[in-house]
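Chain order of the listed sequences is A and B.
Taken in order, the first sequence gives residues 25 to 445; the numbers are from this note's numbering.
Taken in order, the second sequence gives residues 25 to 445; the numbers are from this note's numbering.
Hints are computed from structural coordinates only; laboratory data are not their basis.
This structure is a prediction, so every number in the text was calculated from the model and none was measured.
Any given hint might turn out to be false.
One copy or two, either will do: identical chains are not told apart, so a pair holds if it fits within one copy or between any two.
Stated by the list, open to error - Cut-off 30 Å, straight-line C-alpha distance, at most; resulting in silico cross-link-like pairs (DSBU-like, lysine-lysine):
1) 290 <-> 51
2) 284 <-> 107
3) 185 <-> 284
4) 65 <-> 435
5) 51 <-> 107
6) 65 <-> 290
7) 435 <-> 423
8) 423 <-> 341
9) 227 <-> 423
10) 51 <-> 284
11) 107 <-> 87
12) 284 <-> 108
13) 51 <-> 108
14) 108 <-> 290
15) 107 <-> 419
16) 87 <-> 108
17) 435 <-> 114
18) 435 <-> 51
19) 290 <-> 367
20) 216 <-> 185
21) 419 <-> 216
22) 367 <-> 423
Given next are the chains, with one letter for each unit.
There are 2 protein chains.
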Amino acid sequence: MDSILKNINNLQISQRGLEMPSSPIRKLAPLAYAAEDRGIKIYRLNIGQPDLPSPPTAIEALKHIDRTTLEYSPSQGFLSLRKKLSGYYKRFNIDLTPEEIIVTNGGSEAVLFAFLSCLNPGDEIIVPEPAYANYMAFAVSAGAVIRTVTTTIDEGFCLPKVERFEELINERTRAILICNPNNPTGYLYNQKEMNQIRDLVLKYNLYLFSDEVYREFIYTGSPYISAMHLEGIEQNVILIDSVSKRYSECGIRIGALATKNAEVRKIVMKFCQARLSPPLIGQIIAEASIDETEEYAREVYDEYMERRKCLIDGVNKIPGCYTPIPMGAFYTVAKLPVDDSEKFCSWCLSDFVWRDELTPYGSEGETIMMAPAAGFYTNTNLGRNEVRLAYVLNKKDLKRALYLLEIALEKYNHIDKSGNL
Amino acid sequence: MDSILKNINNLQISQRGLEMPSSPIRKLAPLAYAAEDRGIKIYRLNIGQPDLPSPPTAIEALKHIDRTTLEYSPSQGFLSLRKKLSGYYKRFNIDLTPEEIIVTNGGSEAVLFAFLSCLNPGDEIIVPEPAYANYMAFAVSAGAVIRTVTTTIDEGFCLPKVERFEELINERTRAILICNPNNPTGYLYNQKEMNQIRDLVLKYNLYLFSDEVYREFIYTGSPYISAMHLEGIEQNVILIDSVSKRYSECGIRIGALATKNAEVRKIVMKFCQARLSPPLIGQIIAEASIDETEEYAREVYDEYMERRKCLIDGVNKIPGCYTPIPMGAFYTVAKLPVDDSEKFCSWCLSDFVWRDELTPYGSEGETIMMAPAAGFYTNTNLGRNEVRLAYVLNKKDLKRALYLLEIALEKYNHIDKSGNL
């Protein structure tokens, strides 16, 4: 019994808790708050929080909720919402019945429940990187291991060759995870690449977790090829979805996990029942959003299309900067003429400030916030001179942010060279 | 490589997925749907879904939400809500700053994140049983093991002696979990029992996870002793909370995890950042609810108080039935004159139906639904003749349900004795 007492005053933190990555996007937040406290206006290129209005039909539905008791909804989500989602997927030639759709607390919970249901501790998932950092967090939560195949900015972030995947495949490999269109790169997989993934999934009998929350935002006219379109792996595919990005409804926390694999659904439902139900009000809002006019979707699309052009053109005009042209989502990864983008991004918030005649009245100056790309790679040597830029600012602010970026780079590199940083 | 191919057409389900318990409360659902399809009215004594109205201030706040973009909120929850919660806890002499409070997706997520942050796979938690079945589900999710000390209906579900806890304590024991007031028993721990728990926590340096979501509902005038009131274990206590029950707001999915342990909060926040944010609209509603008048709370309290009397008196009048008097929450566990309550509860839905002059017009008859208590015990031999009854029905329906229960028992036992079931 004495040995049990030895830990006294030293309560244990779980190993997975220690291993959980801190969000690379939120890591600079304290520096940003401090800058704001000094009266500095920050142009946020760092976050994926859409600024555009949510669908008017959704806002109307919210205003007209006529309930006196805000009770639990079904663990799988309202049937009416699942029917609407089924109809929505049909527009993209994705055949999913309401029974095959499970409503989740955002896309986040869909990823977590997919991992918890399909993976044992130590099981491996292959993910092309750079990748959304929270996949790693959910893998750690489930005790699973993320193995990455690296895509590079110089190759435009295209999918690596089959051999690169096969090098990683071993008896613990259980899944491939893709995000398509991609966060953070904006890359969209073509038919050849999707076929390559299908063949791998089939050959090694893997799950394919496919996060397709940005499907509405494809700007190149290229076809959207869902994992659900691939023939012969119907039982392997688990679709991750969310209304957050397409309807600017990140706050309502409504996502979905959809699969034709009944066995997986049965297990996922056990996790769903344990957490009782997805948010009631969010489901009502999401359901109304699906009924929004095509005009809304077109306006949102056109706006992102213009911002994307503005951002890409602007970045590529700054000396020493380069970004490939992203086909989808609302991000791009850009290479900057710095050795360490994390250091540079911190410096922008803590040391850099700009004032001129365009600086808003009452502000002490302006700066920019970006997400250092290193957080999207597992290999810490990669992405050191890259940043993720999101175009969720209006075009005027986007242009101003690019202007500030150019000046910041000049000042930073000047200071850096003279050794004064 | 061939060995990797061996699983083909046999995708793996995770071990934890297989181990996840199915909800004992929702297991009878298919029989209930079938009964409803036959036109039978079901009086639901089985669920903890409050039927009373949510606070009028909350419903007003919902109607007046004036946002055009439904964006992410902070991962920790709105500071304004955390300030309100801090004030709310002060009413109960619980000292928690807004920084010590983390808003979660219902109490469910608070339990899950507490387990994920504090427990390694194989670590053990001691829980008095019968216990809320989903604790087991969250333990399985985190790879932790629930060990139970049994409380009994004959002793009124009081806390077992210290020795019963110490018999279970070993080098993998990391925590004690209590639910106070208790779901499913309605038991409320007294000062002596809370001191016993404190001493154990202190002696073996354990976490104390304390689920106190029913604190508003204590009917005996006995003091509410929060784990947060116990001296000397401030760093060990993790409070689990939820607005679901006290404001009849189960659907908004707003709970909280609160602890004075900064190290634990830091880790929990990593899980919070991974899932981005708790529901936006739910937080607005929860915040408004805390401002509701005392009159609302009193009316809700008085209503439950009367229902409790109605249920307890009614059950104890039925021949062969017995329930101790629950001090809090809105449940009680009752012993029925049957060998197998699961069989009896199923029979009520599939075979029993009652009609008389009070049967509602247009209905094909009436029956009752109860939660077999076996699902709240880990030892499958326990609770076999017990059910959990919730009093979330109005008094008229509650009385009718008790009337039906008495008849059902008579018929069931008669049939049973004649061997015709």
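Okay, the hints, checked on the actual structure:
no.: 1; hint: 290 <-> 51; in the structure: between (37 Å within a copy, 13 Å between copies)
no.: 2; hint: 284 <-> 107; in the structure: within (15 Å within a copy, 45 Å between copies)
no.: 3; hint: 185 <-> 284; in the structure: within (28 Å within a copy, 51 Å between copies)
no.: 4; hint: 65 <-> 435; in the structure: within (18 Å within a copy, 75 Å between copies)
no.: 5; hint: 51 <-> 107; in the structure: between (39 Å within a copy, 24 Å between copies)
no.: 6; hint: 65 <-> 290; in the structure: between (49 Å within a copy, 28 Å between copies)
no.: 7; hint: 435 <-> 423; in the structure: within (19 Å within a copy, 79 Å between copies)
no.: 8; hint: 423 <-> 341; in the structure: within (12 Å within a copy, 77 Å between copies)
no.: 9; hint: 227 <-> 423; in the structure: neither (48 Å within a copy, 62 Å between copies)
no.: 10; hint: 51 <-> 284; in the structure: between (38 Å within a copy, 23 Å between copies)
no.: 11; hint: 107 <-> 87; in the structure: both (23 Å within a copy, 26 Å between copies)
no.: 12; hint: 284 <-> 108; in the structure: within (17 Å within a copy, 44 Å between copies)
no.: 13; hint: 51 <-> 108; in the structure: between (37 Å within a copy, 27 Å between copies)
no.: 14; hint: 108 <-> 290; in the structure: within (22 Å within a copy, 39 Å between copies)
no.: 15; hint: 107 <-> 419; in the structure: neither (37 Å within a copy, 37 Å between copies)
no.: 16; hint: 87 <-> 108; in the structure: both (20 Å within a copy, 24 Å between copies)
no.: 17; hint: 435 <-> 114; in the structure: neither (52 Å within a copy, 51 Å between copies)
no.: 18; hint: 435 <-> 51; in the structure: within (23 Å within a copy, 66 Å between copies)
no.: 19; hint: 290 <-> 367; in the structure: between (47 Å within a copy, 24 Å between copies)
no.: 20; hint: 216 <-> 185; in the structure: within (11 Å within a copy, 67 Å between copies)
no.: 21; hint: 419 <-> 216; in the structure: neither (35 Å within a copy, 66 Å between copies)
no.: 22; hint: 367 <-> 423; in the structure: within (23 Å within a copy, 70 Å between copies)
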